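Chains as they are written, first to last, in the numbering used here: chain A, 14 to 193; chain B, 866 to 1608.
In short, the hints are calculated from the structure, not lab data. Note that the structure is a prediction, hence the values are computed from the model and not measured. Just so you know, even glycine gets a beta-carbon here, dropped at the ideal spot from N, CA and C. Do not take every clue at face value.
Below, simulated EDC-like cross-link-like pairs (lysine to aspartate or glutamate); rule was C-alpha separation at most 20 Å, straight line [said to hold, decoys possible]:
hint, chain 1, residue 1, chain 2, residue 2
1, B, 1371, B, 965
2, A, 168, B, 1097
3, A, 139, B, 1456
4, A, 139, B, 965
5, A, 168, B, 1094
6, B, 1442, B, 1429
7, A, 168, B, 1099
8, B, 1000, B, 1315
9, B, 1117, A, 102
10, B, 909, A, 65
Simulated restraints, written as ranges between beta carbons of each label pair [as the list claims (entries may be wrong)]:
hint, chain 1, residue 1, chain 2, residue 2, range
11, B, 1435, A, 180, 55 to 65 Å
12, A, 193, B, 1520, 26 to 36 Å
13, A, 168, B, 1603, 51 to 61 Å
Partner residues aside, some chain A positions facing chain B, computed with beta carbon under 10 Å [as the list claims (entries may be wrong)]:
hint, residue
14, 41
15, 123
16, 126
17, 139
18, 150
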Amino acid sequence: MARLGMVIDTAKCVGCSDCVVACKAENGVPAGFFRDWLTESLRGRFPTPHLELRSERCNHCDDPPCVTCCPTGASHVHPWGGVILVDHDACVGCKACIASCPYNARFLHPEGYADKCTFCIHRVEKGQDPACVSVCPTRCMYFGDLDDPESEVSKLLASRRSHVLLPEAGTGPRVIYLTA
Amino acid sequence: MNALSRRRFLGISAATLAAAGLAPALTGRRTAQASPPPAPDAGKLETIPTFCDVCFWKCGAIATVRDGQLWKIEGNPADPLCRGRLCPRGTGGVGAHFDEDRLQRPLLRANVRGEDTWNVVSWDEALGYTAEKMKAIAQKYGPESMALISHGLGGTFLKHLMKAYGTPNLAAPSFAQCRGPRDVGFRLTFGDDPGSPERTDIANARCLVLIGSHLGENMHNTQVQEFAEAIENDCHVIVVDPRFSTAASKAKHYLPIRPGTDLALLLAWINVLITEKLYDAEYLAQHAVGFEQLAAYVAPFTPEWAYPETGISAAVIRETARVMGRAKPATLVHPGRHAVWYGDDAQRSRAVAILNALLGSWGRKGGFYVPAQMDLPGYPYPPYPHGERGKVDNPDKKYPFAHDTISTGIRSAALTGKPYPIKGLMTYATNLIYALPNEAETIEAFKQLDLLAVVEVAPSETAGWADVVLPESTYLERYDELNVELFRDPFIALRQPVVASPQEQKPNWWIARELGLRLGLEKFFPWPDIETYLQTRLEKGGYSLEALKKSGIIVGPKPPIYFEEGAPAEFNTPSGKIELWSSALQKYSDEHGNPAGFEPAPRYTPPEPNPPGSYRLLCGRAPTHTFSRTQSNPLLSDVMPENALWLNAGEARRLGLNTGDRVCLRNQDDVLSEPITVRATERIRPDCVFMVHGFGHQAKGLRRALRKGASDSRLQTRYKTDPLMGGTALNMNFVRIEPVSSI
Ligand code: SF4
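Next up, chain A with everything else stripped away, as it sits in the complex (with noise of 0.2 Å):
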């Protein structure tokens, strides 16, 4: 049983947003809405600055406080790695995923369902990346199995430094960033 994870290296990735873009056209995410999104986060002072650009997204948690709360069943961990999703028709769009998401990557569609991102489900059921993955000009993103110690994404996890965001909110989140 696969646990899809994302590795994401900041020492390559240049906050471009083609991720955003990608995403946006890939799964038709209505205007002023995002699936995905980019980050600066800046420490120090000028001219010695400390910069890390990141994706962000949902991070597909090991333990997702947004599934435990939905009512309806909606917001379920899928059998195919363990990618939460929502179901459209199951969900009543009361909201309380959105609340619970220490991410805040989740957001009421126009439709009327919470909306996020799907790590490109169908995609990567057909055995492609994530739109985001596969557009990234720096090759900055990896995705994977995390279970697999033989995939890429385990190996870099190995190898490199890395972080995740908010490790404080306990819910194992699954999108990990490699740093210089």
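On the provided structure of chain A, position chain B with the ligand as indicated by the hints.
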């Protein structure tokens, strides 16, 4: 509520719901009864290869049509430029097709120029009007009084039309407003220029020096992909920029240079390379002349001399020079692209070229490779007519080293009538109000014209001043000229329509041909349609249009690209060698009494100081937009709807400003900007401010982009002209920050 407590709170809520029997059983956490969201790729899919036109890089792409509607566009894996991945602008290119504000039908001006009021007319009427005006101009002033300013490959057929009509006055802002000075500086040194796409071997560089060149924000696809590769390969990146750019954040050395002093740093680097013998002596002995003269000339320009000018310590200058020396010849001092900064730009670029020459990087792996092109003859047209008058842009060779047409020279001729008047202007895919400095001069020039015809996709500011607007199909809806690329892997690429134009827009080739027929130039348009034209060209090279329609691209054999592999080491300079001391500049200086700026090796002039209370205005690019052309694209504007004013955080504190505050800028000539949002940041020096070019639109048809952010162009009223080649330097403007006025 912080994230943790919010989660705990909701955890309890879910438990409560479960206890009440409202939540589904969560044991095993796999709720097989729930369905995933509908797959966006359900439907009838069709893929069509083409190439991108959101910028001039021309990446090979594959568009997907879903149930007859344009869905998405991705990189063509066979394309050596994009290697299967487009940049964000290319990925968002589909937005241009859907932009509800795009020009839809031909328009004739209804009232006074610039009022932006129109009568919708038929193509026949719009083309008839344009042709009649062109005929009248030819009759009254001669055909040379008509000019075309275009951008990109799409201008090919209109250029052909203009040559057939009899004018030599064809320009693009890419010369005098962009890379012209760089190309002149490199030509004087190597006899050739870095080209477009640049012949930079970034992927193999072991030391990469970026001077003001903000790769990663400036999104020329191949360059950025190779930049990421270089980082992965632990290339030693040195970034020189008053702003802590994205590239600076990847650098091992970041040099926060005082604006306008780059040439002082370059001279000091040359000094150290020579004094410490860090240059490639063997390469220079074989390929270069002028070393002794250069060495004597740069002797006084020590790092200690450069420090008070640049603000970069002598130790750092030496250390970085040594890094460059150690990595040679795989040290690439990047030539940059948008090089119009301070008015001595051709000479600054020459210093960059000299530095590369000393490091032996021209023609070498990790430096500048030797590009190749496939052999495909042009269409067999009859010879063009030759008028009596030469080009209008550079009278008496005032700018002796300009090898291309100076767009601002055409503007001057329209303004002054000298050396002869320009009375008709057609623009293609370039928004001159933004592309040329000093908007007032551009508008004044427009007012002198008998005809301003604009061929465009979006209702730009320049279109607003037109007499006739000819709406073009986007690149996703048309055939175009072939791209026969000069690159490390030579190839031929086809642009072909993916979807139909939604309204009455027409492709450039059709517009050119229809005008040609109305002007009696039938013999120059023997092909009835573009497919016949393309087929004719391709057949001459032994290729077929049908095959190219399927693959989108034909990649040719890769010839040797480095000197060491056998690529020819040829230098088209007067001496046939790399000229460290320029014989062409020496000759010009001797013959003209040593005019300032023409020295055989670059001379540094300190920049003028900031007026009190003012910041130097710097501009640059964002990865999601091209010039002022893409702000109306719904996908791209969603990601970046407006630009911001980068202001040093300490300065912001001093002025009581915070990120998010709205301010206006007033320049030295009292021009006031549109309101712009402050971005107080530790990523810029305190003596300058920065904004991304292309925002602050005022054309009322661009509803999505209207008054979003501010326009750097509008504040660039002052420009300094490069004496060598007529480039217009833009970083000459100073602004004060003011509160947004209440009116
Ligand atoms: S660099 Fe980007 S915008 Fe330019 S041609 Fe390539 S994909 Fe298109």
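Here is how each hint holds up against the structure:
1. Our distance criterion of 20 Å between C-alpha atoms is met by residue 1371 of chain B and residue 965 of chain B, whose separation comes to about 16 Å.
2. Our distance criterion of 20 Å between C-alpha atoms is met by residue 168 of chain A and residue 1097 of chain B, whose separation comes to about 16 Å.
3. For the hint linking residue 139 of chain A to residue 1456 of chain B, the alpha-carbon distance of about 71 Å lies beyond 20 Å, and the restraint is violated.
4. At roughly 34 Å between alpha-carbon atoms, residue 139 of chain A and residue 965 of chain B are farther apart than 20 Å, so this suggested pair is violated.
5. With a C-alpha separation of about 19 Å, the suggested pair residue 168 of chain A and residue 1094 of chain B falls inside the 20 Å cut-off, and the hint holds.
6. For the hint pairing residue 1442 of chain B with residue 1429 of chain B, the CA-to-CA distance comes to about 17 Å; that is within 20 Å, so the pair holds.
7. For the hint pairing residue 168 of chain A with residue 1099 of chain B, the CA-to-CA distance comes to about 19 Å; that is within 20 Å, so the pair holds.
8. Between residue 1000 of chain B and residue 1315 of chain B the alpha-carbon distance is near 11 Å, which keeps this suggested pair within the 20 Å criterion.
9. As the CA atoms of residue 1117 of chain B and residue 102 of chain A are separated by approximately 52 Å, the hinted pair breaks the 20 Å bound.
10. The suggested pairing of residue 909 of chain B with residue 65 of chain A is violated, with an alpha-carbon distance near 41 Å, which exceeds 20 Å.
11. Against the hinted window of 55 to 65 Å, the Cβ-Cβ separation of residue 1435 of chain B and residue 180 of chain A comes to about 59 Å, which satisfies the hint.
12. The beta-carbon spacing between residue 193 of chain A and residue 1520 of chain B, approximately 34 Å, falls within the hinted interval of 26 to 36 Å.
13. For residue 168 of chain A paired with residue 1603 of chain B, a C-beta distance near 55 Å keeps the hint of 51 to 61 Å intact.
14. Here the hint on residue 41 of chain A is kept, as its CB sits about 6 Å from the closest CB of chain B, short of 10 Å.
15. Contact between residue 123 of chain A and chain B, as hinted, is not supported at the beta carbon level, the nearest pair being about 14 Å apart and thus beyond 10 Å.
16. Given hint, residue 126 of chain A at the interface with chain B, holds; its Cβ is 8 Å from that chain's nearest Cβ, closer than 10 Å.
17. Checking residue 139 of chain A against chain B by beta carbon gives a least distance of about 8 Å; that is within 10 Å, so the hint holds.
18. Interface restraint check for residue 150 of chain A: the shortest CB-CB distance to chain B comes to about 5 Å, inside 10 Å, so the restraint holds.
When the structure is compared with the earlier hints, violations turn up for hints 3, 4, 9, 10 and 15 and for no others.
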